[in-house]
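Once you have looked at the hints, place chain B on chain A.
Quick mapping for you: the protein sequence lines, in order, are chains A and B. The first sequence begins at 1 in UniProt numbering and counts up by one. The second sequence begins at 1 in UniProt numbering and counts up by one.
Don't take every hint at face value.
The list makes no distinction among identical chains, and a pair is therefore deemed to hold if it is satisfied within one copy or across any two copies.
Unchecked claim - Think about it this way: if two alpha-carbon atoms lie no more than 35 Å apart in a straight line, the pair counts; the simulated DSBU-like pairs of lysine-lysine are:
(1) Lys62 x Lys31
(2) Lys146 x Lys217
(3) Lys138 x Lys217
(4) Lys107 x Lys452
(5) Lys107 x Lys498
(6) Lys126 x Lys498
(7) Lys366 x Lys84
(8) Lys508 x Lys27
(9) Lys498 x Lys383
(10) Lys260 x Lys158
(11) Lys153 x Lys269
It should be emphasised that the hints constitute simulated quantities derived from the structure, not laboratory data. Bear in mind that the values here come from a model prediction, so they are computed numbers and not experimental data.
Chain residues, written in single-letter form:
Number of protein chains: 2
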Amino acid sequence: MYRSHSCGELRASHINTEVTLAGWVQKSRDKGFMIWVDLRDRYGITQLIFDEERTSKDLMEKAKTLGREFVIQVKGTVIERASKNPNIATGDIEVLVSELTILNEAKLPPFTIEDETDGGEDIRMKYRYLDIRRNPVKNSLIFRHKVSMEVRKYLSDKGFIDVETPYLIKSTPEGARDFLVPSRMNAGQFYALPQSPQTFKQLLMVGGMDKYFQIVKCFRDEDLRADRQPEFTQIDCEMAFVEQEDILEIFEGMTRHLLKEINGVDVDKFPRMQYDDAMRLYGNDKPDIRFGMQFGELNEVAQHKDFKVFNDAELVVGIAVPGAASYTRKEIDALIDWVKRPQVGALGMVYVKCNEDGSYKSSVDKFYDQEDLAKWAETTGAKAGDLICILSGNTSKVRAQLSALRMELAERLGLRKPNEFAPLWVVDFPLLELDEETGHYHAMHHPFTSPKPGQLELLDTNPGAIKANAYDLVLNGNEIGGGSIRIHDKETQAIMFKHLGFTPEEAKAQFGFLMDAFEYGAPPHGGLAFGLDRLVAILGGQETIRDFIAFPKNNSGRDVMIDAPATIDEEQLTELSIKLHIQKEA
Amino acid sequence: MYRSHSCGELRASHINTEVTLAGWVQKSRDKGFMIWVDLRDRYGITQLIFDEERTSKDLMEKAKTLGREFVIQVKGTVIERASKNPNIATGDIEVLVSELTILNEAKLPPFTIEDETDGGEDIRMKYRYLDIRRNPVKNSLIFRHKVSMEVRKYLSDKGFIDVETPYLIKSTPEGARDFLVPSRMNAGQFYALPQSPQTFKQLLMVGGMDKYFQIVKCFRDEDLRADRQPEFTQIDCEMAFVEQEDILEIFEGMTRHLLKEINGVDVDKFPRMQYDDAMRLYGNDKPDIRFGMQFGELNEVAQHKDFKVFNDAELVVGIAVPGAASYTRKEIDALIDWVKRPQVGALGMVYVKCNEDGSYKSSVDKFYDQEDLAKWAETTGAKAGDLICILSGNTSKVRAQLSALRMELAERLGLRKPNEFAPLWVVDFPLLELDEETGHYHAMHHPFTSPKPGQLELLDTNPGAIKANAYDLVLNGNEIGGGSIRIHDKETQAIMFKHLGFTPEEAKAQFGFLMDAFEYGAPPHGGLAFGLDRLVAILGGQETIRDFIAFPKNNSGRDVMIDAPATIDEEQLTELSIKLHIQKEA
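Isolated chain A (complex conformation) (with noise of 0.2 Å):
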């Protein structure tokens, strides 16, 4: 036995008890006849006191050795302390040692280990074990434990069972990038890591295992932009014989139950918007509902005068700012500099000052009177005191672009409270898009969403219309699920294969072994998938995912600690039949 107790359990009552304790030197301070040490481990901080008066000498010695982050073993005794630390649970004693045992000494670490830490981000990745001894990581993965089990425990007293799905299955062209894995024992033939276990869930459900989940890693080999990583951990679910209802049902008391569990949160009921409402109000499917500043659509109000720049444009939509009247010309230069930026890619934009006494001052005052902009104010819900933020141009492009406006202004205006949760259902997705480089349509979600019924007609005259029984859960403005009513017939199946352009072999041969399960008896299903990473770090309050992650990759895909990908032998290519194959840069 190492220690009696852990660095985070005594307390005054233990006074006069004799422990034994090991961990890491946190700090230690020397004050010549008496040292103080600071000793560390995942539960807590106690102090350890040597003193001259009750300290022998040579233990003294050996304790001004200690250098930060060194592994010791203590005997002692505990003791009331002198200066009580009401900052940390063990606050109201300290250790006085009898017995100090250096079980491994550490050279200085390459930054503090500190919850505000000196060390950059690429240093931190390298020693990442050392950046988990750090409270901010090291309670994340904790918290994420926690989520983990509570939704298993939801998930399984609801009669889900856990299956675990393979690794190594089949490349798929739909979608994503696979991650390939060459077979040594099938020369020439190559696994497939999954992008997701959609089919095999799906086959669960053909197999009559009724209500399916598990928390399962992904691999999707894309150009990582920023917070995306190569893998990542995905809560699978799928149900049979439901209608979305039941699906919806099901997962917004799983959210709801980790909000109470985790967050000792209580949500309404989950409002619903459908995908067109959300395009429409937030020029986003996955609105932030903290706040307000809904789009207001201006076409109507602002194209019957000169301004060429409105009256050309597709779409002219405008975002009311709480407070923002008061914005100095060079404030909205500022903001009309960060609409142009590449990243929002605006041409320009037109605003509107509501002034507290009632009346309107705009860029375009030229063109539009006070009438018109108190009708843009009124259609945006301007109030005095707002600045009305607008965009115009091809629809798609303004409603991104607005979006982004309204969330660096909600952002910069406090709006979005890392507290606050504000879940959202957007149902009613589209079931294709259109991919506006090649002309041709694709799956929105995946070629298994069934259409709602009826629509599969319009695959012929007007593909974009057709709307899927798809849905995503929305929280705080992050897609933390996704999922859809699936195909379960063969023909519907291989009509919509045939519209995402495979042709009837290529079908068979990526996909056969589903659309053959079709024909024995395939239930009505569903379901959905939770990204286990975002998940997580919305409910801790954060919006990046790395520190909820043990181990995670750079934005090259690499993992700098162990230094992978990596060369390997020219034997082991030789095994698995392939041969490097290299093309220099043009």
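What follows is chain B alone, placed relative to chain A:
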């Protein structure tokens, strides 16, 4: 809502209730004026009845069209069953159907969806989604879920944190072959899939996580023996500031908890056996101790006469087979043939019948008298009526052969009772194992296992004699878990790598991050990993793991259902900077 109740839910108390059920047609019996349909879902079977006198003609006609495995929804009234079926939970009632919806038709399944199916292994794997509908497979998967949930609950309650470690890691030359994943973003470099999260869990200990667990997929690209899978699941655990005793205590507790919660079995404190004793008494490091038949080493009492076979042997060793003295000459010959099979490899077998009258009859009466044979009986613990089977030769070979014979005979004698549980700790494993082919020593557990204190100095003189702080948990003759106390200082680790044949450069390239970590304050730590697939199978009273895996692969590593691995597009290869290079068979 597709259903008001499941097919396993209705009881006599529901009589006269209007219900909606959905499920699969298990079978239907058509008596012309009356049709009974067994409707099945995950939860059970409910009998439906269509009756000329009470059912409309149209509905009767529709009911006649139902085939096996059709997916249907029915509305109807729960009524008392004329002839009750005490074998099923819903046997008191049936549902008089008033409305029938065919949700999906089904082709005739390629094998019967019954507990005892007519389908062979191959066809069941190809249509695994149909196989899963069968109770034995379905219940095995649900059983696995229960075990996983209990494991997580137990460990979490004990303060273990579930931390997800990465799947895309680095290839290491040690141990089995890695599955590799070419990196697109880092041309010419590869990730490897983890054979276990060994180094990551150790780094979590360096990171102060204190107690870690994870139920995690691991990957080994080995030629598959029967009942091995290229991807398998581990319950992976690690603890800091512990000695071997602490670890055995926690995981003995966990295993006892599972036996109690899952099997309803109370077991005593697990016995412990030294590796050397296990080899001596059972010829095996994972002895099945549900029955006796311990080895008796006979060198002393058998090498004093003119029987050259024994005199030349390194080891003469026998077991007493209870009640087998009555075996006929033919039965004994068959046994001798059995040990001579290439899979066992013995050259012959000597036997002694211990007659009921106290006399002995052996196959070597020419060389040994009754007094000699009496000593053999004493050494092997044979009683009147037993048969002593004796093998001789090279110690390690003959132990393996006799162990195989012991297990075979126990099986035949019905001594390996599936519902009896005999756990056993095997401790004090050797640190190193001699590879007889290469003459080199390699790590018996893995290169991170710590030698027993003070034994490292034997590395140069007698490496095979070094014992490790390594232990296996054995259940009913299967290794279900194993682990060790780890090395936690850089020097010892460097010595180990050197003796395992790594150059300092290789050690640094492969495991530099771990050795670096050991310099920044690594605590003493150790852990254990359970093989979940096998653990679940054994708790479920089965010998094979395949039915406890939803979608297993065959012995060529293929998933015959989805037909993976498969060829991929040229374009995918190019993106990964690799080319096929299939070598012709010589």
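Hints, one by one, checked against the model:
Within a single copy, lysine 62 and lysine 31 get their C-alpha atoms as close as 15 Å, which meets the 35 Å cut-off; across copies the closest is 93 Å, which misses it. Both within a single protomer and between protomers do lysine 146 and lysine 217 lie at most 35 Å apart by alpha-carbon distance, with minima of 18 Å and 21 Å respectively. With identical chains, the CA atoms of lysine 138 and lysine 217 are at most 35 Å apart both within one copy (21 Å) and between copies (24 Å). Only between protomers do lysine 107 and lysine 452 lie at most 35 Å apart by alpha-carbon distance; the minimum there is 26 Å, versus 63 Å within a single protomer.
Taking the shortest alpha-carbon separations for lysine 107 and lysine 498, only the inter-copy value of 23 Å comes in at or below 35 Å, while the best intra-copy value is 63 Å. In this assembly of identical chains, lysine 126 and lysine 498 lie within 35 Å of each other by CA distance solely across copies; the values are 25 Å between and 48 Å within a copy. Taking identical chains as interchangeable, the C-alpha atoms of lysine 366 and lysine 84 are never at most 35 Å apart, the minima being 69 Å within one chain and 89 Å between chains. With identical chains, the CA atoms of lysine 508 and lysine 27 are at most 35 Å apart between copies only, with a shortest distance of 31 Å across copies and 65 Å within one.
For a Cα distance limit of 35 Å, the shortest separation of lysine 498 from lysine 383 qualifies neither inside one copy, at 52 Å, nor across copies, at 76 Å. In this homomeric assembly, lysine 260 and lysine 158 come within 35 Å of each other (Cα to Cα) both inside a single copy, at 17 Å, and across copies, at 23 Å. Taking the shortest Cα distances, lysine 153 and lysine 269 sit within 35 Å of each other both inside one copy (22 Å) and across copies (30 Å).
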